[in-house]
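Chains G and W, in that order, are what the protein sequence lines are. According to this note's numbering, the first sequence is numbered sequentially starting from 1. According to this note's numbering, the second sequence is numbered sequentially starting from 1001.
Read the hints as simulated data drawn from the structure, not as lab findings. The reader is advised that the hints may include incorrect statements.
What the hints assert, rightly or not - In the DSS-like style, the derived pairs of lysine-lysine whose C-alpha atoms are separated by at most 30 Å in a straight line are:
id	chain 1	residue 1	chain 2	residue 2
1	W	Lys1206	G	Lys143
2	W	Lys1069	G	Lys268
3	G	Lys170	W	Lys1268
4	G	Lys268	W	Lys1145
5	W	Lys1268	G	Lys206
6	G	Lys268	W	Lys1323
7	G	Lys143	W	Lys1145
8	G	Lys268	W	Lys1268
9	W	Lys1170	G	Lys268
10	W	Lys1206	G	Lys268
11	W	Lys1015	G	Lys206
12	W	Lys1268	W	Lys1168
13	G	Lys145	W	Lys1143
14	W	Lys1015	G	Lys200
15	G	Lys268	W	Lys1020
16	W	Lys1268	G	Lys168
17	W	Lys1020	G	Lys145
18	W	Lys1015	W	Lys1168
19	W	Lys1268	G	Lys15
Said to hold, decoys possible - Estimated spans, in silico, between C-beta atoms of each pair:
id	chain 1	residue 1	chain 2	residue 2	range
20	W	Ile1062	G	Asn252	40 to 48 Å
21	W	Val1256	G	Asn252	22 to 30 Å
22	G	Val258	W	Gly1216	19 to 27 Å
23	W	Asn1012	G	Ala203	53 to 61 Å
24	W	Asp1320	G	Gln284	46 to 54 Å
25	W	Thr1201	G	Val256	22 to 30 Å
26	W	Tyr1239	G	Phe322	26 to 34 Å
Quick reminder that beta carbons are idealized off the backbone N, C-alpha and C, glycines included.
The chain contents come next:
There are 2 protein chains.
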Amino acid sequence: MKEKNRQIVLANRPKGMPDKETFHFVEQDIKELEEGEVLHRTLYVSVDPYMRGRMQDAESYIEPFQVGKVIEGGSIGEVIESKSEKFQQGDIVIGMFGWQTYYVAKEKEIRKIDPSLAPISTHLGILGMTGLTAYFGLLDIGKPKEGETVVVSGAAGAVGSVVGQIAKIKGARVVGIAGSEDKISFLKDQLQFDEAVNYKTAADLKEAIGQACPNGVDVYFDNVGGKVSDAVLANLNRYARIPVCGAISAYNLESVDVGPRVQTTLIKKSALMQGFTVGDFSNQFQEGAMQLGKWLQEGNLKYRETIHDGFENIPSAFLDLFKGNNTGKLLVKVADRQYEK
Amino acid sequence: MKEKNRQIVLANRPKGMPDKETFHFVEQDIKELEEGEVLHRTLYVSVDPYMRGRMQDAESYIEPFQVGKVIEGGSIGEVIESKSEKFQQGDIVIGMFGWQTYYVAKEKEIRKIDPSLAPISTHLGILGMTGLTAYFGLLDIGKPKEGETVVVSGAAGAVGSVVGQIAKIKGARVVGIAGSEDKISFLKDQLQFDEAVNYKTAADLKEAIGQACPNGVDVYFDNVGGKVSDAVLANLNRYARIPVCGAISAYNLESVDVGPRVQTTLIKKSALMQGFTVGDFSNQFQEGAMQLGKWLQEGNLKYRETIHDGFENIPSAFLDLFKGNNTGKLLVKVADRQYEK
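The following block holds chain G by itself, in its conformation from the complex (with noise of 0.2 Å):
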């Protein structure tokens, strides 16, 4: 007799910060294959911030989570049964099956990775979404040119690592801005970030920028959006690019998001500033994922994951982005690999 299958869904739309009320476990059976069909068990699954987006009834980019289904995301997962040509027993696969124990998906919900290129949980970080937010966001809005000076908010999470390594790669002089002394560390000596500023504590944070910054800001990788941006924008370089990626500040705020206006500063900067999502860069994917790949391979790209255990303990993992707790990207293991091939 096969196990049931454990799934986390949406118990409320949560208003301000989300909870553990905000999550019910339930069970189910696990339905019996059809033709073309895969089941298989989820190994890691993706704890991101732009999920707290889809948790409210609200237009956006993604459409909304439905209260009582599962909370979507990157996952990845071992088949264990399949009735499709295309998949065998112990084949790693990645999908958007979310919070859930097992699934059976139809071929084309899931894809093959390799693990032999490097370990699996990296396709849902530095070589997965996370990864190309990165890489297309800087490159591609960004444009970071040899000599110039790019600051990155969020700097030690997932997106903002690999960010800074990507405009070092390009020849920038990289400033993170982070909010604990660890994180600090990390970017300097780890990630090798020209310099670094924990936004906690700097007295002055527009004057800490600025003095990180002695030719001002060229780029501006913005992950955060509120008073850390707001010091950043006073600081900018004439023709200035802002890719705008998240605004964690702002996503469990209950008023609204309330600050400087950014037009005066954007018209007397000639500064561009662009809202985007990994989608929007979707035909490029591939080209992307083997350019990371290589820098990956080649040494030049280091990532640093937080691994919580067990999937119990996902909802307060995804809690504990808004706490600023992790560095690099943040999964929770669910399983352990069965069919080691």
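With the hints as your guide, set chain W onto chain G.
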């Protein structure tokens, strides 16, 4: 004996709204011409919102005015006396010699214009920096496609009225925002805008713009900033483009201009916001001026000028800009031509 040159100089840097005390009138002798120099009498001076920015001692794309020095700006003059082979008495010239009745220019400071093509005042407006600002901001940043919806604020102003007409030429649906029923009629009846919204009388501006744009907003040409822009941003379509040309609502604020932060909107809509000044496109001016001249001659572009009369009325004309009293380009006529050719 020659007349004296009268100048309007910056008396002090205004805090908040400038007033008549911001300006002083002074007189000085007109210097003798040296070889290669040209004396001209001012016929028209241009009065523009961006000049408010130059009254501050703040870093910007253009140098601040100096206290005690003449207010610089676009002007048109008639050559009275010439020691240059390139200019003759009676030539009509354009330059940045500003608010004074006479000016001794070096050859490279002025450019001859052809008074047979169009009224000479249009070279300060639709055929000059004003028209070029509209042209490049809309086409190079806004990139409107046929059938898309283009919204322009400050729509009855010098730049806005050209933006909307170019957008119509490009096949877009055009919605203007302005602040009086006279201006609304001008936009709809004279310029054939598809819709126009009076921001002063709309009960709920966000909703009024939503109703005027049933298919959402693809391009927003922003001349004003502030609450009007907040309301337009709430109606953006995915992949919207926002050329940020002016923020007249903020120019006379004494405190920081505060409003809803834009980051979350930009991300949700993958939208682009780009500040610019016409100088960013200086290497394309010739192309732009030719196209504007062609449209004007074909009758595809209409323009309206508000022309005040008399040198002594320049300050009050300038102050009118911030009261929303003018439609189209605001000019002051300082003298009549003397040497009609």
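Here is what the structure says about each hint:
1. Lys1206/W with Lys143/G: The hint is violated at about 34 Å.
2. Lys1069/W with Lys268/G: Roughly 23 Å between the alpha carbons, so the hint for Lys1069/W and Lys268/G holds.
3. Lys170/G with Lys1268/W: With Cα atoms ~28 Å apart, Lys170/G and Lys1268/W stay inside 30 Å; holds.
4. Lys268/G with Lys1145/W: 27 Å, holds
5. Lys1268/W with Lys206/G: 27 Å, holds
6. Lys268/G with Lys1323/W: 23 Å, holds
7. Lys143/G with Lys1145/W: 25 Å, holds
8. Lys268/G with Lys1268/W: Given that 30 Å is the threshold and the Cα spacing comes to 26 Å, the pair holds.
9. Lys1170/W with Lys268/G: 28 Å, holds
10. Lys1206/W with Lys268/G: This hinted pair holds, its Cα atoms lying about 27 Å apart.
11. Lys1015/W with Lys206/G: Within the cut-off at roughly 24 Å; holds.
12. Lys1268/W with Lys1168/W: Answer holds: Lys1268/W to Lys1168/W is near 28 Å, not above 30 Å.
13. Lys145/G with Lys1143/W: OK: Lys145/G and Lys1143/W at ~25 Å, within 30 Å.
14. Lys1015/W with Lys200/G: 34 Å, violated
15. Lys268/G with Lys1020/W: 26 Å, holds
16. Lys1268/W with Lys168/G: It holds: about 28 Å lies between the C-alpha atoms, which stays within 30 Å.
17. Lys1020/W with Lys145/G: Violated. Lys1020/W to Lys145/G sits at ~47 Å, over the 30 Å cutoff.
18. Lys1015/W with Lys1168/W: Measuring from Cα to Cα gives roughly 39 Å; hence the hint is violated.
19. Lys1268/W with Lys15/G: Holds, at roughly 19 Å.
20. Ile1062/W with Asn252/G: 40 to 48 Å: 41 Å, holds
21. Val1256/W with Asn252/G: 22 to 30 Å: At roughly 24 Å between Cβ atoms, Asn252/G and Val1256/W fall inside 22 to 30 Å, so the hint holds.
22. Val258/G with Gly1216/W: 19 to 27 Å: Cβ of Val258/G to Cβ of Gly1216/W: about 24 Å, so the range 19 to 27 Å holds.
23. Asn1012/W with Ala203/G: 53 to 61 Å: Because 34 Å falls outside the window, the suggested range is violated.
24. Asp1320/W with Gln284/G: 46 to 54 Å: 51 Å, holds
25. Thr1201/W with Val256/G: 22 to 30 Å: 24 Å, holds
26. Tyr1239/W with Phe322/G: 26 to 34 Å: 29 Å, holds
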